[in-house]
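Undergrad: Sequence:
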Amino acid sequence: MQDCKLISIDLAKNVFQVCILNSEGSVTLNKRFKRQKFIELIASYKPTTIAMESCYSANYFGRLFESYGHTVKLIPAQHAKAFVRGNKNDANDALAIAEASQRPNLRYVKIKTIEQQDIQSIHRIRDHRVTQRTALN
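So for the sequence shown, our numbering puts the first residue at 1; every next one is plus one.
Keep in mind that the hints were calculated from the coordinates and are not lab data. Fair warning: there could be bad hints in the mix.
[To be verified] Straight-line distance between alpha carbons at most 20 Å, and here's what the computed DMTMM-like set of lysine to aspartate or glutamate pairs gives:
hint, residue 1, residue 2
1, Lys110, Glu66
2, Lys31, Glu99
3, Lys110, Asp90
4, Lys34, Glu99
5, Lys88, Asp118
6, Lys46, Asp3
7, Lys112, Asp90
8, Lys31, Asp3
9, Lys112, Glu40
10, Lys31, Asp90
11, Lys46, Glu24
12, Lys37, Glu99
13, Lys5, Glu66
14, Lys5, Glu115
15, Lys13, Asp90
16, Lys81, Glu99
17, Lys88, Glu66
18, Lys5, Glu40
19, Lys112, Glu99
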């Protein structure tokens with residue numbers, strides 16, 4: 001494939017915005033992809049760095065892309081938000097994620113295992129149940 005230094009992704013349910021930067025740091029692609037084409041696109045690139053905003057689905061994709069040999073960086077959402085230029089849309093968000101991932105002192109989120117995500121969901125369910133029970137009293 002082409003020269004690729006960084007792939008940044010704005011995740012969604014069915015449509016994903018992919019921004020690819022070359023070795024000079026200029027944007028070579030900033031386009032939307034459906035889920036299947038998106039996974040095929042990432043699999044077609046040689047191992048490189050992939051940056052995504054940290055969210056529940058980012059852990060799944062992070063594990064998948066690491067199995068392809070890529071290095072995955074999950075960025076906390078508040079750090080990426082500071083780099084959005086112009087109106088908030090998927091293309092600008094993907095570009096902001098790319099810019100935030102190149103900052104030297106940024107702390108990344110570790111990719112959670114399936115077991116860690118299971119425990120996290122149990123804790124969230126419990127918190128929700130406690131909130132509901134408290135609201136009834």
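Undergrad: Next step is simple, just say for each hint if it's right about the structure.
TA: Here is how each hint holds up against the structure:
1. Lys110 to Glu66: holds, 12 Å
2. Lys31 to Glu99: holds, 17 Å
3. Lys110 to Asp90: violated, 24 Å
4. Lys34 to Glu99: violated, 23 Å
5. Lys88 to Asp118: violated, 32 Å
6. Lys46 to Asp3: Holds: Lys46 and Asp3 sit about 9 Å apart, inside 20 Å.
7. Lys112 to Asp90: Violated: Lys112 and Asp90 sit about 25 Å apart, past 20 Å.
8. Lys31 to Asp3: This hinted pair holds, its Cα atoms lying about 17 Å apart.
9. Lys112 to Glu40: violated, 23 Å
10. Lys31 to Asp90: Judged against 20 Å, a Cα distance of about 9 Å means the pair holds.
11. Lys46 to Glu24: holds, 17 Å
12. Lys37 to Glu99: violated, 24 Å
13. Lys5 to Glu66: Between Lys5 and Glu66 the Cα gap is close to 16 Å, so the pair holds against 20 Å.
14. Lys5 to Glu115: violated, 32 Å
15. Lys13 to Asp90: holds, 13 Å
16. Lys81 to Glu99: With a Cα-Cα distance of about 11 Å, the restraint between Lys81 and Glu99 holds, given a limit of 20 Å.
17. Lys88 to Glu66: violated, 29 Å
18. Lys5 to Glu40: holds, 18 Å
19. Lys112 to Glu99: violated, 24 Å
Checked against the numbered hints listed earlier, the structure breaks hints 3, 4, 5, 7, 9, 12, 14, 17 and 19; every other hint is satisfied.
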